[in-house]
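Trainee: Using the hints, put the two chains back together into the complex; each one sits in its own frame.
Residues per chain, in single letters:
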Amino acid sequence: MFTGINVILVLILLSVLLSLGSSRMMALVKIMALQGAMVSCAGLLLEQQGSTGHSGIFFFQVMLLVKGALIPGLLYLAVTRVAIKREVEPIIGYHASLLTGLGLILLSVYITGRLHLSLAGDYALVLITAVTTLGGGLFLMMSRTKAITQVIGYLMLENGIYLVGASLTKKTHNLSLVEFGILLDLLVGVMIMGIILHNINRTFDDVDTAYLEQLKD
Amino acid sequence: MLESVFLLPLFTGLIALFLPVKLGRIVLVVTGLLHLQLTILNLLHPLRPMAPGYFGVAPAGLLVLLVTSFIFVFIAWYAVFYMREQEMESEPIFIGCMLLFLGTMSMAALAEHPMVLWIAIEATTLVSAPLIFINRSKRAIEATWKYVLICSVGIALALLGFFFITLSMDQVGLDVPLTFSSLNSTARQLDPLWLKTGCIFVLIGFGTKMGLAPMHTWLPDAHSEAPSPASALLSGALLNCAFLGIYKVHTLMVLAGLGEFSGSLLIGFGLFSILMAGIFILRQPDYKRLLAYSSVENMGVIAFGVGIGGLALYGAMLHLIHHSLIKSSLFLSAGNLVLGFGTKLAAKCGGMVRLLPRTFVGFFGGFIGISGLPPFGLFLSELLIILGAFQTGHPLAAGLFIASLILVLAGLVQIVTAMSFGPCEEEILVPEQLLRIVPPYGLLLSSVVLSLWMPDALYRIIVDTISIIGGTIHG
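Just so you know, the sequences run in chain order A and H. Under the numbering used here, the residue at position 205 of the first sequence is numbered 205, and the numbers go up by one with no gaps. Under the numbering used here, the residue at position 285 of the second sequence is numbered 1285, and the numbers go up by one with no gaps.
The following block holds chain H by itself, in its conformation from the complex (with noise of 0.2 Å):
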C-alpha cells in the first residue's frame, strides 16, 4: 500500500525516541535505506492507495519524494559519523525526529487532499523544530522561535487560502470530491475569483516555508544553527515539499485558464528572492548563513523557472533536483568544515586546503555546483530557463535574472576564495576522516552523474510533471 513510503519512517521515528543511542543510528540507517527502496518500488509500479481519496501518486510528489530519499540516505549515513564527534543533549530525539521529519515530508509528497498536504506540511515544522533546537544554545533558541512562530503563522494563511479554493467549488455548486485530480480536471468551472484569492493566500503560506523573499527571515537563521545533518534535510529537501504546495496551486491557475495570474505572481516572488539573496550573500561572514541565503536564491530562480513555463519549468525540475543534491553536500560539507575549525565565520576558516584536503575538494567542488557551473547540473537548468524566458517573451526578466545571478555568483567567489586560500592561523580541533567525506562527494557525483546520464524513469516522472501545464523540453 501506497502509505507505507511514509508510515514507515514516522513508526520507526516514534520507537527511534525510546532507544539506546546506539540502535538508534543503525535503525536511522535502515529505515533510510528501506525508503529509498520502498519510493523506487513505487515509482516502477505504482503501489495503491489505501485512502484513494487523501493520498495518491502524482508525478510532481513522486519527484519531490525520489529526490528527498535519495538525499535522506546519505544524510543519515553522515549523520551517524557526525554524532560521533559531536557532543549532542539527546541524540535519541535527534534520530526520531529526523525519521519523523522523513516521514512528514513523504507524506506531504504523497497528499491528494489539499487539507491533507497542509497537515503533512505543517507537521513538517513541528517535527523539525527540535532538530534546530537540539543544542539549546541562546542562538538555536532564538532561531527556533523564529522558524516555529513564522512557518505557523504562514502556513496558517496557506490553510485560508484553500478555504478559498474550496469556496471557488461551492460558489459555482460543484459537487465533486475535495482532492487535486478532481480539482485539476473541472478547473475551468471554478469561479476564478476566489480561485484567484485562494492562490495568492497559498502562495503567501508557503512561500513562507520555502524561503521566498520578503517571508524568507527565517530560512538563514534556522539553516546555520541547526547542525549540519539537519541543515541540510531543511534545505534539501523541507523546501522542496513547500513549493510542491505552491506548484500544485499553480497546476491548478494554468488548468483554470488563469496561469498567466499565478505565473507573473511567481516570476515576482522569484526575482526579488534571488536580488534580496544576492545582497545579503555579498559580505556574508558566515558561511552556513551564506549557504542558507543560497537557498533563497535557489528557491526563487525555481519559482521564476515555474512562473516562465515551457522550457523553463523544465530547467526548474531539474534545478529542484540538482540544487537538491548540492546543497545538501555543501552543508554536509560545511558539517566538517564546522567540527574541524569549530567556528563558522569564514574568516577564521583559511588554509583549509592544507588543514582540511578532502573536504576543500568536496566544498569547492560544490561552491562550483551552485554557482551554476558546469560539470554540474545547475548550469544546465540554468540555461535552460534563460533559454525559456527569452522563448517565452520575457526578455526584461530575463535580464533581471541573469543580472542577479551574477551578483550572487560574485558574493560566492570572494568567500570561498578567502576561506580557501586565506591565511593559516588555527590548528584544527577534529581530522577529517574518510566515512564523513564520502557523503559528500557521493551526493556531488550523482549531480555530475545526473547531467551526463539521467534514468529513463527519472525523465518521464518529469516529462509527466511539466506536461500537465504545458512545459516542454524541446522548447
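Bound-form chain A, shown alone (with noise of 0.2 Å):
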C-alpha cells in the first residue's frame, strides 16, 4: 500500500468537508489551495505507480503553482476587492450541507463500488475522492448565491474530474501537452470569470448572484 496517497486523498475528502461548512471567504480561499496543492500531489503519486518521466515531474510543478497559488492568489484578489467576508444567507445551511457532504461519500463509496471496475485498492479510494469532489463542487454551486462561492465550486468541479481521469485512464494518453491546454482553459477562466465578478460588484454593490435576475421569459 502507498500511504501517502491516502493521507493525500484523505486531505482532499477533508478539504471537500471543511469548504462546504465554512462561510468565511478568506477560509474558503486558502482551502482551495490546499486542494489544488493536494491534487497535483495525487496527480504525481498516481503517476509514479506507473512510468515516471521527465515531462510528468516539470507538469507537476507547472499544476501546483497554477492550481496551488495562482488561482488561490487570483481568488484572493478577488476576495480583497469586493470586500465580503462571508456569505451570509446560503440556500442550504452550513450543518445541512456537511451533513450532504458525508453523504457525497457515501454515495461516491456506493458508486464505485457498482462499477466494476478492475482498479487496485488505492485506485478505488482515488475513485471515491474524485467523486466526492466533484460532487461537492456541483453542490456548492447550487446552494450558494455569491460569485465567489460558484466559482470555488467550479474549480472543485474540475479538480474532481481531473482526479477521475487520473485515477481511470492511463498516463499514457494524457499527453502533457493536452494537459497543459486543459490548465490554461482553467486559468484563464477563472481570469475571466475575475474580471465579470469585479464588474458584478461594482455595478450590483455586492456579488450576489440573486441580483442577476432580470432576463427571463
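In short, the hints are calculated from the structure, not lab data. Glycine included, every Cβ here is placed at the ideal spot set by N, Cα and C. Treat the hints loosely; a few may be bogus.
Unchecked claim - Simulated restraints on C-beta separations: (1) H:Pro1431 - A:Ala96: 40 to 50 Å; (2) A:Met191 - H:Arg1084: 40 to 50 Å; (3) A:Ser55 - H:Gly1399: 51 to 61 Å; (4) A:Ala96 - H:Leu1282: 36 to 46 Å; (5) A:Ile111 - H:Thr1186: 23 to 33 Å.
Mentor: Here you go:
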C-alpha cells in the first residue's frame, strides 16, 4: 500500500467537507489552495506507480503553481477587492451542507462499488475521492448565492474531474501538452470570471447572484 | 501547414488587442479574408498538419470551418461599420476577441485529439465572454455570468465524458493513439458500456454549448444581450462547433454499432428543443430573443436529422449550412434595427416598412428563410429530414417534428407581421446605410444560390462527412 497517496486523498476529502461547512470567504480560498496542491500531488503519485517521466515531474510543478498558487491568488484578489467576508444567507445551511457532504462520500463509495472496474485497492479510494469532490463542487455551486463561492464550486468540480481522469485512464494517453491546454483554459477561465465578478460588484454593489434575475421569459 | 488556419487569427487577434481602433478594423477584415483564402486552399489541397496526433483534416470539421470562415468575412465587414455608429467601451478588445474567437473555433474544427477539441471549445467560451460583456450594462453582465458559468460546467462534463471514452479503450487493453480517426477504426473493439456512458456525458456537455433544451438556458440571454455582430457569430458559427463535438462522438458510436443508442438520444433532445423553442417563440416580445430561440429550434432540427440518419443526415448538414447563413444575416439585420429604433422590443418597431425599407427586405427575407419556406435552403433540408424520418421508420417522431415546426412558424409569423406592418410611432435614430445592408443581403443571397447550385467541392465534403455513418443522398 502506498500510504502517501492515502494521506493526500484523506486531505482532499477533508477539504471538501471543510469548504461545505465554512462561511468565511478567506477560509474558502485557503482551503482551495490546499485542495489544489493536494490534487497536484495526487496526480504525481498516481503517475509514479506507473512510469515516471521527466515531463511528469515538470507538469507537476506547473500544476502546483497554477492550482496551488495562481488560482488561489486570483481568488484572494477577488475577495479583497469586493470586501465581502462571508456568505450570509446560503440557500442550504452549513450544517445541512456538511451532512450532504457526508452523504456524498457514502454515495461515491456505493457508485465506485457498483462500477465493476478492475481497480487496485488504492485506485478505488482515488475514485471515491474524485466523485465526492466532483459532487461537492456541483453542490457548492447550487447551494450558494455569492458569485465567488460559485467560482470555487466550479474549481472543485474541475479538481474532481481531474482526479477521475487520473484514477481511471492510463497515463500514456494524457500527453502533457494536452494537460497544459486544460490547465491554461482553467486559469484563463478563472481570470475571466474574476473580471466579470469585479464588474458585478461594481454595478450591483454586491456579488450576490440573486441580483442577476432580469433576464427571463 | 494546417495549423496556420487557426494560428493566423489567434496571432492577429492578440495583436489587435493593442492596436489603435482604425488599424484594428483593417486587421479584422483582412484577417477574415486571409482566413477564408486559407480555408479554401485547404479544401482544394489539404494542408499537412505539423502535429498529426492533435490536428487533422476531417470532412465534418472542414464543413464547419468553411461555414465559419465564410460568414466571418461578412460579419467582420458589418462589424466595422456597426462600430462606427455604436459607441463601444473598448473597441480594441471587441476586435481582438472576435479574431481570437475565430481562431479558437477553427482550432475546434481541425482538432483530431478529443482533449484538443475540448480545450478549443472551452477556449471559445472564454474568448467570446468579453464580446457579450462589452457594454457592461446590468443585463450584459448577467448574461455573461450565466454564459460563462453554465457553459463551463457543461463543458467540464464533456471532459468527463472523454475520460470515459478513453477508459473504454483501456478496459479492453487497446493500445492505439487517442485520436478520433484511430478510435473510429477500432470502434468495434471498444468497451460498449463505457462508450455509452461517455457519449451521454459528451452529449449533455456539448449539448449545453450547442443550445439543446433543457440545457439551453444561457443561450437566449447571451444572444440577445451581445452586440449584433457577436450574436451573429455566436449563433452562426459557435453552435456548429459544439455540434461538431457531438457529431464526432455520434460517428464513433455508429461505427461501434451503438448508433441506435446515441441516435435516439439525439432525436429526443432534438424534438424537445424544437418544442421548447416553439413555446417560447409564441408571444416573445423581444426580437433578438426570438432569433435566439429560433437558434435553439434549428439546433434541435440538426440534432434530430443526425439522430435519424440516412437521407435526414444529408438534410441535417444542409440545414447546418443554411441556418448559419440565414441566422447570421438575420442577426445583422436585427443590428440595423437596434441602431434604427434603439430598442429590442418588437412592439416598438412598427412601421419598419416605411422607416427602414431596405432593412425590412433583408429582415423579411431572412424570416421567410428561417421559417423553412422556399426559395431558401432550409425548405429543402427540412423536407429531406422529414422524408428521411418516414423512410427509416420514425413516423411518430416525424409527426411531432412537423407539429413543432408549425408551432415555431406560427410564432414567427405573428411577431414579424406586427413588426413589419404594425402602427408606426417612432422616429429612427440612425438612418440606413448601404454598407451595413450589403452583408446581410450577401448572406441571404448565398443561401439562395446554394440551394439552386452547389459547388462540387462543397458537395463532396458533405457526402464524405455523412457517408462514414451511412448517410446517403439517394434515400
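Trainee: State for each hint whether it applies.
Mentor: Now for the hints, and whether the structure bears them out:
1. Take proline 1431 of chain H and alanine 96 of chain A: their Cβ atoms lie about 60 Å apart, and the range 40 to 50 Å is violated.
2. For the pair methionine 191 of chain A and arginine 1084 of chain H, the beta carbons lie near 31 Å from each other, so the given range of 40 to 50 Å is not met.
3. In this structure the hint that serine 55 of chain A and glycine 1399 of chain H lie 51 to 61 Å apart at CB holds, the actual value being about 56 Å.
4. As the Cβ distance of alanine 96 of chain A to leucine 1282 of chain H is approximately 40 Å, the hint placing it in 36 to 46 Å holds.
5. The hinted range of 23 to 33 Å is satisfied by isoleucine 111 of chain A and threonine 1186 of chain H, whose Cβ atoms lie roughly 28 Å apart.
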